[in-house]
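Please take these sequences and the hints and turn them into a complete structure.
Okay, so the sequence shown: first residue is 1 according to our numbering, each after it adds one.
All clues given are correct.
Ranges between beta-carbon positions, derived for each pair:
1) Val124 to Cys212: 25 to 33 Å
2) Arg313 to Ile161: 37 to 45 Å
3) Glu330 to Pro160: 47 to 55 Å
4) Leu166 to Arg316: 28 to 36 Å
5) Lys312 to Ala359: 44 to 52 Å
6) Leu70 to Lys28: 29 to 37 Å
What the hints contain is simulated information worked out from the structure, not anything from laboratory work. Beta carbons: idealized from backbone N, C-alpha and C, even for Gly.
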Amino acid sequence: MLAILLGGGIALLVSLLGTRTAIRVFTKWGYGQEIREDGPTSHHTKRGTPTMGGVVIIAAVVLGYGLAKLLTMDAPSASALLLLFLFVGMGLVGFLDDFIKIYKQRSLGLRSKAKMVGQTVIAVAFGILALAPWLEDENGRSPASEKVSFLREIEWLQLPIVLALLLIWLLVTGFSNAVNLADGLDGLAAGASVMVFGAYTLVNIWQNNQFCQEAPSASCYNVRDPLDLAIIAAAITGACFGFLWWNASPAAIFMGDTGSLSLGGALAGFAILTRTELLLVILGGLFVLETASVMLQVTWFKTTKRLTGVGKRVFRIAPIHHHFEMLGWEQVTVVIRFWIITGLFVATGLGVFYAEWVARL
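Printed below as a string of structure tokens:
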């Protein structure tokens with residue numbers, strides 16, 4: 001437990017102080033955000049706000065975890081190193097996207113195909129390593145499993161290795177893009193991430209307390225390295241808290257794709273490594289809604305255009321948080337209400353997780 005507190009506390013301090021420094025340095029260097037022209041006109045005033053704040057989030061998490069392990073004199077686990085690989089790797093893809101936007105002074109960074117290639121390389125590499133037999137512990141547990149999971153592994157639903165890798169790819173690319181879509185209002189993605197990663201901190205602590213290696217029973221969890229994953233979850237929660245201090249409306253800095261892709265990738269990583277893949281759909285319900293709104297908008301527009309010649313829209317603009325802006329809601333109102341929705345999703349997910357454990361007693 002000490003390592004969890006150290007990881008979260010150190011990451012919070014590094015993020016809180018580091019983001020302030022990043023604001024000053026990035027402003028001096030001219031690393032300002034370009035705004036999409038088809039978005040709400042109220043966002044045009046944000047042009048030039050420093051971006052790439054996700055660099056500080058990533059650094060805070062790596063330092064938080066590393067120093068926590070160093071201070072407790074404990075070696076890092078395979079699961080934790082894999083998750084950090086996914087977290088930093090997706091952040092590098094986002095960094096390239098942000099850098100191109102800044103360098104070329106446009107709202108479009110990496111082309112969509114190039115970004116997907118980068119995400120795919122990181123996701124597949126993570127999947128191959130997580131399923132690799134040479135990373136099994138002394139009890140034969142690999143970091144990830146070929147079985148589909150909800151609250152734990154579904155024993156009868158084991159996938160062939162190719163389909164297991166496909167599922168991992170879908171989760172990683174899907175949630176990294178989902179958090180990226182939600183990162184459109186001051187504090188929205190950072191605040192929602194605090195709650196979801198906070199939930200995974202609790203899930204990992206609970207799995208560690210009910211670890212099959214320590215307390216074998218019908219309700220124990222057959223996972224690998226839950227305590228180490230809890231340290232990273234606490235570190236990301238602390239880093240997002242520190243960043244939110246400066247990112248809350250009016251934002252003094254944006255996390256950019258550097259932050260949103262890394263956070264989304266980490267969410268998928270936690271779901272895969274804790275054997276709670278389908279539970280992430282509930283815990284990260286807000287991000288699912290954001291993605292669904294874009295998919296529905298695009299599908300309906302293309303379908304109606306094909307059938308009638310005139311494309312129609314379900315929302316005034318997608319993602320859905322911009323739709324409510326266009327209806328006249330203040331940005332702060334949208335953010336707070338979406339935080340409330342996230343809280344409800346997280347509470348529901350944790351409730352289901354705990355109830356299933358109780359039912360097995």
